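So the sequence shown is numbered by the numbering used here: it starts at 150 and just counts up by one.
Everything labelled a hint here was simulated from the structure, so no lab data went into it.
Keep in mind the model is a prediction, meaning the values are calculated, not measured.
Among these hints, one or two may not hold up.
DSS-like, lysine-lysine: derived pairs with alpha carbons at most 25 angstroms apart [unchecked claim]: (1) Lys396 with Lys264; (2) Lys269 with Lys408; (3) Lys264 with Lys408.
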Amino acid sequence: MALINVGVLRGGPSNEYEVSLQTGGVVLRHLDTNKYKPHDIFIDKEGVWHMGGTPRQPENILSQVDVLFNALHGEYGEDGRIQQLLESHGARYTGSDALGSALGMNKALAKQIFKDHGIKTAHYTVISDASNLHQTAVELFRKFPMPAVVKPLASGSSVGVTIAKDFHSLEAGLRHAFQFGDAVIVEEFIPGIEATCGVIEGYRDHDLYALPPVEIRPHGDRFFDYEAKYQGKSEEICPGNFDHDTKAMIEHLAKAAHKALGLRHYSRSDFIVSPRRGVYILEVNTLPGLTEESLFPKSLNAVGSNLSHFFDHLIELALQK
Numbered sequence: 150m151a152l153i154n155v156g157v158l159r160g161g162p163s164n165e166y167e168v169s170l171q172t173g174g175v176v177l178r179h180l181d182t183n184k185y186k187p188h189d190i191f192i193d194k195e196g197v198w199h200m201g202g203t204p205r206q207p208e209n210i211l212s213q214v215d216v217l218f219n220a221l222h223g224e225y226g227e228d229g230r231i232q233q234l235l236e237s238h239g240a241r242y243t244g245s246d247a248l249g250s251a252l253g254m255n256k257a258l259a260k261q262i263f264k265d266h267g268i269k270t271a272h273y274t275v276i277s278d279a280s281n282l283h284q285t286a287v288e289l290f291r292k293f294p295m296p297a298v299v300k301p302l303a304s305g306s307s308v309g310v311t312i313a314k315d316f317h318s319l320e321a322g323l324r325h326a327f328q329f330g331d332a333v334i335v336e337e338f339i340p341g342i343e344a345t346c347g348v349i350e351g352y353r354d355h356d357l358y359a360l361p362p363v364e365i366r367p368h369g370d371r372f373f374d375y376e377a378k379y380q381g382k383s384e385e386i387c388p389g390n391f392d393h394d395t396k397a398m399i400e401h402l403a404k405a406a407h408k409a410l411g412l413r414h415y416s417r418s419d420f421i422v423s424p425r426r427g428v429y430i431l432e433v434n435t436l437p438g439l440t441e442e443s444l445f446p447k448s449l450n451a452v453g454s455n456l457s458h459f460f461d462h463l464i465e466l467a468l469q470k
């Protein structure tokens, strides 16, 4: 039987370039070479596509593969743009489509959809004018309760995120977040236990299968920021130490969020479990990291699965299009 040509997209012009290289490397290493012929498709920081070590036009590359495994993260790869490109060429690919990706990346749009579907999410406001951030911080400090979480409107891996506890850290947080995008979202800080839960379509005879929720305990007084995620500065407990009802609620909300945004194949949702207020969704990751430090592989291991089987499943979903 002829091998299926799988192009693995990695790199890209985003702040999560290095993480994407790692995710793509994991995919390339774990594809079943008895079934697939992997092709490393590297996209540099300027957005130029490469295959076989040479720059090529996307259409030239797409004509040589049967299916794409999207291992990109952040802008371009996760915000709907590359999905639009792939769809315009009729290419089959893993992960959510252009619309679902765009909704998932825009934190304000996603939060409004969550609210419309009865999924609890933190109070927020969006700042889109960076012309006078000192005055913006003054006005925001007067009406928005502290502490607050300040982050880019469209970014992932906790890039550009700070927790503002006073006026000075609020202004600094706004300036920092605007380095990573054209708009910033400020949301109320809800103290509690951080959790995340992945879901997979058509897995183990479920229309939408929920992996066991992971409990996240960042070291010291930090939150689950970029360093905690990728430099081992947190403890991830899988399955998490949640009671039955809380576990069931996290799994239910992860499925509900996936469906509400119209996502495809798989996703991972992040939550805060407040002892007094319940479970709040933070955001959805439409292309969860799959590095050695990532949470999705740990959840797969907890249910006796592995990356090779999971990647095979995703490729089969993409080929069914």
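Tested hints:
1. Lys396 with Lys264: holds (21 angstroms)
2. Lys269 with Lys408: Status holds; Cα separation ~15 angstroms.
3. Lys264 with Lys408: holds (13 angstroms)
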